[in-house]
Amino acid sequence: AQKITQTQPGMFVQEKEAVTLDCTYDTSDQSYGLFWYKQPSSGEMIFLIYQGSYDEQNATEGRYSLNFQKARKSANLVISASQLGDSAMYFCAMREPLIQGAQKLVFGQGTRLTINP
Amino acid sequence: DSGVTQTPKHLITATGQRVTLRCSPRSGDLSVYWYQQSLDQGLQFLIQYYNGEERAKGNILERFSAQQFPDLHSELNLSSLELGDSALYFCASSGRYGYTFGSGTRLTVV
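Protein chains in written order, with the working numbering: chain H, 31 to 147; chain S, 2 to 111.
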């Protein structure tokens, strides 16, 4: 079974600084996908960024980028120029294939990011 | 608006009762997933439906059941509710744009 590890339960960062949220994964599959989601205090899960295992370039979406190191099995999220609105819970997830074409997302425990003014 | 609609947003009910959570997937998405988020267990996969058929089961209790209808909306039925069932229940759909989550239903069992 696949596993996602987020080792930082909480992080505190000054506004406008860059922040890196760690994520390591464990899988024996050659083809896989990695996702980052943001969950603000209101509760919804907001998709941020996706990285495929065969993607040669690191994924970027605006202020979000994914530092994908395949050999180390890490997929860290980098947020540049942090804003107060970035304060939220962040989840790393991996798509796990199941039988007969089914699949599911496996989530890490999350990192609570707090941006200080 | 993510395109995935979940109702109701909040639900408070007593132990032993039965509730139904509803999800309408993003337009064009055939797959629907249900997840439970609790403080102690994190985000747990419950069940997946694809075009009306059950595709995969995760950590879903026997007291829970789900179905997906011909119009692709899905319902999660929770019965004989216990205090420990209090959680945020998410529905997600997948398609061309990956996984999209609804805003969740917060269930409180008292």
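Bear in mind the hints are in silico, worked out from the structure with no lab data behind them. Do not rely on the hints blindly, as some may be mistaken.
As the list claims (entries may be wrong) - Once the Cα atoms are required to be at most 30 angstroms apart in a straight line, the calculated DSSO-like pairs of lysine-lysine come out as: (1) S:K58 to S:K10; (2) H:K100 to H:K33; (3) H:K103 to S:K10; (4) H:K46 to H:K100; (5) H:K46 to H:K103; (6) H:K33 to S:K58.
Going down the list of hints, with the structure as the test:
{"no.": "1", "hint": "S:K58 to S:K10", "in the structure": "holds, 24 angstroms"}
{"no.": "2", "hint": "H:K100 to H:K33", "in the structure": "holds, 15 angstroms"}
{"no.": "3", "hint": "H:K103 to S:K10", "in the structure": "violated, 37 angstroms"}
{"no.": "4", "hint": "H:K46 to H:K100", "in the structure": "holds, 29 angstroms"}
{"no.": "5", "hint": "H:K46 to H:K103", "in the structure": "holds, 28 angstroms"}
{"no.": "6", "hint": "H:K33 to S:K58", "in the structure": "holds, 18 angstroms"}
The structure is inconsistent with hint 3 alone, although it conforms to all the rest.
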